[in-house]
Amino acid sequence: MDEIITEKNYPIQGLWLLKSILRSLLYLIILMLYFWLSRFSERKDSEISLYISLIFIFATIFQSVITILCRATFHYSIEGQFLTLRQGILSKQERHIPYGVIQNIFVKQDLFDRIFGLASLIVENASQGAGAFTTPQEQKVFGLRIGNQQQQQIEIIGFEIIGFSGNKVIIPGLKKQNAETLKEIILQKIKENPIEDSQSGL
Amino acid sequence: MQIAQSKTREQFPLSYKKIIKKTIESTIFTTILLLIIWGNLALMLSSIGQKAVGWLRTTTFGILGFLFIKILLTYFYQRWYFAVYFYDLTDDFIQIKKGPITPQEITIPYERIQDVYVDQDILDRIFGLYDVHLSTATVSSGIEAHIDGVEKQAAEGLRRILLEKVKQKISKNAIQNTPVNNNPIS
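Read top to bottom, the protein sequences are chains A and B.
As numbered in the numbering used here, residues 1 to 202 make up the first sequence, in order.
As numbered in the numbering used here, residues 1 to 186 make up the second sequence, in order.
Hints may contain errors.
[Unchecked claim] EDC-like cross-link-like pairs, simulated, lysine to aspartate or glutamate; straight-line CA separation at most 16 Å:
#	chain 1	residue 1	chain 2	residue 2
1	B	Lys-7	B	Asp-88
2	A	Lys-191	B	Asp-91
3	B	Lys-97	A	Asp-110
4	B	Lys-98	B	Asp-131
5	B	Lys-167	B	Asp-92
6	B	Lys-98	A	Glu-7
7	A	Lys-176	A	Glu-7
8	B	Lys-22	B	Asp-131
9	A	Lys-191	B	Asp-92
10	B	Lys-97	B	Glu-144
11	A	Lys-19	A	Asp-110
12	B	Lys-172	A	Glu-192
13	B	Lys-22	B	Glu-164
14	B	Lys-172	B	Asp-92
15	B	Lys-97	A	Glu-180
Read the hints as simulated data drawn from the structure, not as lab findings.
Isolated chain A (complex conformation) (with noise of 0.2 Å):
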C-alpha cells in the first residue's frame, strides 16, 4: 500500500459547497420574512431594511467564494510515512502528521449530510495549536484559566470548517462510502506506524 492516496481519489464532493450557501440562505429568508412581517407595523424603516438585506446577501456570496476557494485550495495526502495536508487562500500552511501520533479518528454526519449521503472525516493528534488559526490556547487572567475548552465543544457539534486547525483535520463533504474507506486506510497507517514511546499513562 505505498501509493499515495490524494483528494483526487475521494474528492470533498461539490455538494458539499451547497451547505454554507444554504444555511446563508436560511437565514436570508428568514430575515426577509422578519422584515416582510414588519411592514404591517407602523414604523417604517424599509430603507434600513433593504441596506441590512444587501449587506446579507453580500456577505452569502462572499462566504460562498471562500468556501470555493477553501475548497479548491485545501490538500491531503496519504503518504508512507506522514499524512501531509496543504491548505491557505492567500497564506499557504503545510502539514504533515507522523500515523503514530494520531489520536482518535471521527466519522460524523449532520443532517444535511445525512440527506444528501455525505460524511465528514476528523482526524485529531494530541497537539497544541500548532498549525492553529488562533494562538492562545490558554489564556490565564488574574488567575483564573480561560480555556478553549467550550469553544471546542462548539466545534464539534455546530460550525465545522474545512482544513486543519489546533489539534484537528476536518475534511468534509466526503461520501460516505470515500469516509470509511479513507477511515480504514488511515487505521491501516496507525498500526503500520507504532511510535516508540507510548503517550499512554496505563
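Could you slot chain B onto chain A? The hints should help.
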C-alpha cells in the same frame, strides 16, 4: 427493535434500563417546570371562582397532554438511540458509534488511551447503571468516547478488558522498540 450488535455489545450489553433513565433525565426538568406552572395557574384560576372552571380544564388538558406527548416522543427517541448505539473492541482499535439522526463515530487506538474511568450520576445510582469513559489526549474524545448505561458486571468486564488490551499493546510496543537491558532503571 433491531439492535446494532457487535461482539463486545453481545458480551457486555447495554441495560434496557438505560432507555427509562435517559427518558427521565431529559424530561424531568420540563415536567417539574410545567407542573409548577400548572399549579400556579390552577391556584389563580380557582381564586376567580366558578367562571374559570372551563379555563382550568383547558389548561390542565393542554399542559398534561403536552407533557405526555413529550415523554412519549423522548421515550421512542431513546429507544432508537439505544438500538443504534454501537461499540466494538477490535484487535487494534475501539470503535464507538452513536446518534440515530446524525451519527458520530469515533475510533481510538488502544495505545492512545489516557485513562479509563467508571462513574455514576444520581439516576445511575437509582437504576444501578454505570458509565465507562475512556479518553485520549484530545478534548473531543473525552466528550465522545464513553459507553454509558451498562450494569455493574458489564462495566467491570469492559474496564478489565480495556485495561488488559492497553497493557498488551504498550508492552508489545515496548518489546518491539526498546533494546533489552538498555535502560538502567529497569
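_If you test the structure against every hint from before, which numbers come out violated?_
Failing hints, ascending: 6 and 13.
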